[in-house]
Every structure is written in C-alpha cells, then in structure tokens.
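K.L.:
Residue strings, one per chain:
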Amino acid sequence: MSGLIGVGLSGLNAAQAGLLTTSNNITNQSTAGYTRQSTVQETSISLATGSGYIGQGVNVATIQRMYSQYLTTQLWSAQASSAEKDAYQTQINQLDTLLGTNSTSLATSLSSFQSAIQDWSSNPSDTASRQAVLSTARSLVSSFQTLDASMTSIREGVNQQITTSVDTINGLAAEVASLNQEIKNAEAISGGQPANDLRDQRDQVLFQLSQQIRTQTVTASDGSVSVFIGSGQSLVSGPTAASLTAVTNSEDPTSVTVALETPYGSRISLDESTLTGGALGGLLAFKTESLDSAQNALGQMAIALTSAFNNVQNSGVDLNGNLGGDLFTIGSPGVTVNSDNTGSATVTAALVSSDYRLTYSASGYTVTRLSDSADMGTFTAGSTISVDGVTITPGSGTPAVGDSFLVKPGNDTSSRVIAESDNTGTASFTSSAANSQTLTTSDYRLIYTSANTFSLTRLSDNTSWSATGATPAAALATLSSDIGLSLSVSGTPATGDSFLIQPTRNAIGGLSVALTTTAALAAGTPIKAAASTTNTGAATVSGGAVDDVSQMPLTSTMTLTYDSSSKLFTVSGASPAVGDISYDPSSQSNVAIHINGVAFTIAGVPSNGDTFTVSPSLSGANDNRNVLAFADLQSAKLLGASSGVVGSSNTATISGAYAALVSRVGSKAAEISVSATAQTALLAAAQTARDSTSAVNLDEEAANLLSYQKAYQACAKVIDIAGKLFDSILAIG
Amino acid sequence: MRISSNMIYNAGLSGIQTQTASMLKSTLQLSSGKRILTPADDPAAASQALQLDQTLSQLTQFNKNLDSVAASLNEENTQLTSVTDQLQSIRDLFMQSGNSTLTATDRNSLATELRGRFADLLGLANSKDATGTYVFSGYQNSTEPFSADLNSLASGTQSDSSIYLGDQGQREVQVSPNERLAVGDAGTSVFYANGQSVFKTIADLVTQLESSSGATTAQRTTALANLDAVMANVSSTASSVGTRLNQVDALQSVNADLKVNYQTQLSNLQDVDVTQATIDLTRYKTNLEAAQASYSQIAALSLFNYIS
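Protein chains in written order, with our numbering: chain A, 305 to 1037; chain B, 433 to 740.
Isolated chain A, as found in the complex (with noise of 0.2 Å):
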C-alpha cells in the first residue's frame, strides 16, 4: 500500500509540476522572447521482484525549452538584414524628399535664372533686367546652400544616431557578457539543469543586438555564448565584452567611424565596409553609398556651373567698359591630412580654370598659364603635355617658330585647341577637358607608398594610379592628369602617410554672387569687327568674339587689308604684330580668323584694298553678345568629361545632372523600399518559424491544462484507493 500511495504520490507531483509549467507558459504568453517549456517525464526505476519488474511510477526529469537554435539563429539573421533596409530607407527617404521636394528644388531656382538672363538679352542695359539676374542668381546660389546644409544636416543626425547605434551595442554586449556568467553560476547549482529563464533573456538580448549590428554566435561547452562582429572582431567572448566606441575618423574630421575597444585597452580601427546589417550597417552604408555621392554630386554640378559662368562673365564687358569680375565664387577642394601621418606633408589640390598658351621656339613649346600669366615650363616638340590636371597631346605636323596655340579646354572638344590664324607650321593639338569639367562624385584617398612614390585611389569604385617621380612634387604632379586637379606637395611626406582629397564636398561652403552691382555684370563683348563703309567688295566680317581674355582689352585698332593679287590679307595696327593671313575667295568661302586673342570669320569676295577692322567695344550699351553667351550656357554640357582623356566631352548639362541626381537616388530609395519590404517578410517568415516551435498556443495550453488535471485527479484516486485499501486491512482486524 505505501508503494500504492508513492506511485500514486509520484504521479501527482508530476501532474502539478505539469500544471505549473503550462500555467507558467499562459502567463507568459506575450512575453517577449519567450520559449514555451514542458516537462519531460520519465519513469521512476523499477522494483525488481521474482515476478518482474514492478513500475514504481512518474519522476519529472527536467523541464525543457521548445528551442531550435537554428531557428533562432536565423531569426537574428533575419532582424539584422531587415534593421539594416529600414535604417537605410529611413535615411534616404528624407534625402529623396528632399530632392524631389518642388520648394527646395534646384531645377526651380536654375529655371528662373536662365529665364532672368534671356530677359536681359532683350534689354541689355536695362538697371532692373539685371538686377533680376542678379536676385536670381542669388537664389540660385541660396537652393544650392539649403540643399547642401539638409545635407549636412542629415549627415550630422546619421553620426549621431552610429553614436548612439554603438551605445546600446555596447550595453547589450555588456549584458550578454553578465547572462553568460550568470547562466553559468545559475546551472552549476542546479546540478547541469537548464537556467530556461536566462537563457531566454540573454536570447532576447542577443535578438536586440542583432536590431543594432549583423553578429556570428557560437556556444560554447559550459554554456557561454561568444559573440563576433565584423570580419570576425570579438564583442563578447565569455563572461567579458569589448567595447565599440565612435571615434572621429581620422582621414576625414567631418565623419564618425566605429573602433573596437578591447578588454585589453587596445584600440581596433574597424573597416566599415565589413559593418554590416543592423542599424549601424544601415547607417554606415547610406552614409558612404548614398549620401557622400549625392552631396558630392550637388558640389560637382555647382563648381561646373560657377566655373562656365565666370568664364563667360570674364570674357566680356560690364556697363562701366571693364572686363566682367567673377560672376560666382566657390570653394576649393578639400585636402585632409590623416591625423595618424608621421610625417610633416600637406597637399594641395587646386581646382585650375584657367587657358594655357603654346608658343614654339626652337628650344620646344613653352608654356604660359593665362590665368595668371605663370610659366608652366618648356616641353619639346612632339611630347604630351600635362599641365594642372589638363593633357594636351599633339597630332601630326611640325611647328615652325613663333607659331603659337591657344588651349581652352572648358570648349567643346573640337575648339580646345585653336591655332594662331598667321601660324606657318602644321603642328596641331587635342585637349583633355577642363577641371571643372571633369571632376567625378568620387573622394579620393592619396598614400605616399614609398619613397618618391604616391598612390592615388578613387574611393567610389577603387581604381587606383600610382606614380614615382625624381620627387615626392613630381610624383604627386603626375597623378594630377588622373583627378583633373591640380596637386602639389609641401614639407616631406612619411612613408604610409595617407590624405583624403574630396574635390567637391566644400565647393558649396564657398558658393556665392561675386557681383554686388549691376552695372558688374558683362553683357557686351569688349572687341568689334567691321567692314570699312568705303570697300567695294561683298566680303561680310561676322562674329568677333574674344578667345583670350589676358589680351583683352585691345590696345589699337587692326586693320585687315586684303590683297587680291596675293590672295592675302595684311594686319596693320596689331600690338604684337600679326603675319599675313591667306584667303582664297575662290576655294574659301569663309575664313575663321583666330588673332591676339580675338576671333571673327570673314565671307563672301573682297576686291583689292578692301578693309576690315577689329577694334576695342566697350561702350555698346545695346551689345548681347555676351548674355547670349550666358544663355547658351543653359543647353550646354558642362559636366562628365574624364580627366586626362584628350578630345573626351561633356556629358551633361547641370539641369541635366540634377535631372540624373534626383533619378540615382530615387531609384536607390526605390531599391532600398524593395528589399527593405522583402527583409521584412523574410523576417516574419523567420518569426513565424521560431513561433511555430517556440512561441505559446494558448488552446494547446489549455488543453494541456486540462490534461494535467485529469492526471492530477487520477493520481489523487490512486492515493484515495489505497486510503481505502489501508481502511480495508484495518477494517479486518
């Protein structure tokens, strides 16, 4: 009967046992993380007897959690990918906003200006044409600011949030290094039976971490979970945690990056690109996929922009008879020097808009920058030369002294290079494309490898040049082709020694009207080209444009005169003096005359003597010359050319370009909103499968319960009927 009594006992304890852990799963049925759990029974050993082996009823050997680690771990995969794409969209949904928005929209701004110039062509010296030119111009210059500084703006709120990304990573290490130690304290007193309940928690913990960054686990024998980040950085290893912490970057002062601290105290620089999923990998990768390209880009399109109009606005003449003042200023391209560099280098990178003049001489060409009249050195016949970024290579043919060639490589490709009309030799040029011109949205990492050598890498894609020179000057000078800047080294670089160039990033800091009057702005062209009333011939002179602003303004009058017997027309009056200019009316219809940095075309049959004159204008209050010339700017392509590339044009124009902009990063937001909404049904689907093992049902529970009750009352009548078996033997006596 106590045998009775024990099963019976047995049985009951394990029914109750039963009944709390399914009253336990109830309750915590909306717990977050929570694992079901259930007993496991098993039968109690034996009696042996001459008659077999008696049961000797129900032991509760443990109680275990409906867990699958695969699930789980998939479930962790799953939330960092998603976490990832939504942080991203996030991100980029306010950029795209932003560009799209009509209000804050470039194209409205640029609009107005071009309409603002076309007015002034219809009234060039009218005070309130151009006032409107210049209001919108400021407008302009103000939607590029606004733009730029949301830029910076949601750049600053990105680093803040990778700041605050790396805080509660480093809190949920910390706790995922405590559960370890606890899980282990908490299963060495239960003898080796499972701490469900940490274990859960540090699951959930581990859950939460994957919201932040992707993450390896493995477990360990004793219990403990270590986590990895990264290419395989320890974040948690045991009852330890490292620390990640968000440290300026050291190439770039305007950016966060993330370092590794270790539980050793030394610091880890980790690759950002290796920092993926989560919040933080979201956050990383739309900072350097997304919003450096775009702000570059905005920065491109405003140096390009700048640069044409300045360059139109110098080549003519302003309401005062002076030649036109920068239309625009812009800032220059940004250098930052590694704050880890040994050595004492600084490098410039200049951004050169500026013509060049060949003159050939028996020693070679010489070179003239006409900018600022600097001597770019002496190149001999037949070599390329390479000058602040610009590569100006020969064809066929031989010069002959005194020819000289003017470089104009903001032009069209086929007007880069015009040669001097009096030229005797055959020589000629093709021109790679203007600075401005051929900037990329890239930024730049430039490495002194070695001695005398550097390196250059273009971040966006990771193409790289490299170029050893009798110098670290002259290496560096080398690689100037490459960027389409002009780079130039001060003080002595050490080997390892690294710069980040982001040619475009502050140009829009710079951005402003030069102009405050105006009378400032150059509507007229400062030369004039004439027939003389008296000629008696039909040749018509046409044009009269200006092709070197530093000759500009013309000191005298020259005068063409044409000689029908040599078919040639001498040049009087020139200061430098001009060599004759053949014209044969019977196989030239048209001569385009390219002289002392003026250009006019003359047509038709002029008869002997007839004379033409090109003279200084710079009173013609009704000439348009020049706003035509702004407003030719408007369908121009300005943008796109490679750098370096001889003879490779524009691709775009700046309406053009934002047009592009606005499209590259809507169709990432649209790419992003794609596969964030993938992630989150593969993240559902991930939660589902945990769910479906793990999570509670509470009709199954309920079930349960009532299962474990009838156990419960059935172990409780088998105790009723050996009370009543014990009565029985006592009912005897």
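Read the hints as simulated data drawn from the structure, not as lab findings.
In this text the structure is predicted, and so the values were computed from the model without any measurement.
Backbone N, C-alpha and C fix where the C-beta goes; we use that ideal spot for every residue, glycine too.
Hints may contain errors.
[What the hints assert, rightly or not] 27 Å max Cα-Cα, derived DSSO-like pairs, lysine-lysine:
#1 B:Lys457 / B:Lys496
#2 B:Lys496 / A:Lys941
#3 B:Lys691 / B:Lys466
#4 A:Lys941 / B:Lys691
#5 A:Lys1028 / A:Lys1014
#6 B:Lys457 / B:Lys691
[To be verified] To list a few chain A residues with every Cβ distance to chain B over 10 Å, as calculated:
#7 Ser334
#8 Ala365
#9 Thr467
#10 Thr521
#11 Ala649
#12 Thr650
#13 Ser675
#14 Ala849
#15 Thr863
#16 Gly877
#17 Ile885
#18 Gly901
#19 Ser946
Please build the complex by placing chain B on the supplied structure of chain A, with the hints as guidance.
P.N.:
Leaving out everything else, chain B in the frame of chain A:
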C-alpha cells in the same frame, strides 16, 4: 504547422498595417493630384518630368522673347516705311532738279526743300523704339547714331565716315533652342551704299544746286544712282524685317503646339489617374475592413471560452 497565438495576432496586425499604408498612399496621391509623391515612386519619370519642366519654362521664355522681337521688328518696320516715303519724296525732288527750265530761284527753293528732307531723314535715322533704344545704332545706345551737318558734310570738314557714331553690331535674341533672330539693323547697312552715305549724297546735291551753275547732268546722275542704291538697301532691309516677322509668327505657332505637347507629356508622367486612384482607394478600404473583421473574429476564438 503548429500555430502559436502570437502568429495569429501578428498576421492580423500586419495585414491591417499593409492595407492602411496603401490607403494612405492613394489618399495622398488623390489630394496632391500627383502620381509621383517622391522620386522613388518612379525615378525615371521623376527625372524626365524635371527635364520637361525645364523645357517648358524655356519655351515660355522663348515666347516672351518672340513677343519682344516682334515689337522691335514692327517698330523698325514702321521706321523703314517712313524712311522709304521720305527717300521717295527726296527722289522726286532729285528728278525735278533735272528740269532744264529751272531758274536759280527754283533751284534754291528745291535745295531748301531738300535741306528740310535731310533733317527729316536724319531724324528718322536717329529714331528710338518703345524701349528707348536707337533702332539704327548697332550696339551703341549712349549717343545718337547719326550726327551730320549738311554744310560741313558737303564741304568736307565733316568726313562721311565720321557721321555714323553707331557700330555694325546687330543685337540678336534667342527664340528657340538653336535659333536667334536679329533685332534692329546697323545704320551702315541701311543708309550707306556705293561707299557713301545717303546724307553725303543729299548734301552734295544740295550744294551743287545752290551753286551758281547748278548741278551738272553727271552730278545728278551719280546722285540719283547713289540714292537708288540706298533705296534698294532700305527695301532689302524692310524685306529682311518682314521675313523675320514671318519667322516670329511661325515660331509662335510651333511653340504653342509644342507647349500643349509638353504639358500633355508632363501630365502623363506625373499626374495621378484619378479614376484609378479612386478605385484603388475603395479596394484598399474594402481590404482593410475585411482584415479588421477577420482579425476580430479569429482573435475571439479560444478554448478557454469552453472550459468552465
């Protein structure tokens, strides 16, 4: 598959959220009238719409330019008609001066009348348009284009080439992406012919008529030939103005067509299809109601309801 209670709640909730989001988007589309709320909705169309917007504003500007060109050309046309009339009456006086019965007094009175015509013609050559710009001065606008004195011109103290203070510039206005129309004509191309100005021709003849012997036949023939050449010049300038005015008309009508065309394209790209959006909205609303109804029914199911 084993279903947990949470799965039922989550599935219901996510269905409701998806439908609500779709409904919100349709509502925003309908209230803004735009199909593309941000460029991400259709990046290619958003970029095209930006370009079209730009083209449209350019077109509007060209129409404005055309109006201003038309006004200037009409003005010039009027001036040229007056110049032609004036030249015609001068020519009549030239013809009269050949009459062999003329006395010295007759010649003098002819000369006096020619002097008057000279002043009238000079006035016309110095005329301004409605915006205050000299019609025949080229790029110069600060001084009158012609400053001629009949006596000095005839005596040679004023050289024929120095009377024109304008230049040979011709202001152009952009009227289409690749077309410019010239406004105004330089004085040299209207009032000069055969290497001399019409003013010199008149001045010479006037002085000759006023001389005691009168003008010789040869002098009169030269004067008439020079005058006729100037008249031919004026007439060809007038016909060039007429041609340009025709171009203005043609471009205005082309631009009107283009504008409608671009506006249609732009509307197709970015405007919402109201019918479609309304139908979508109704559909999402129905779906949302269904999701809500099914959720509330399923969530109410529980075995506990039956355990007493």
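K.L.:
Against the structure shown, which of the earlier numbered hints fail to hold, in ascending order?
P.N.:
Numbers 1, 6, 7 - these are the hints that the structure violates, sorted from lowest upward.
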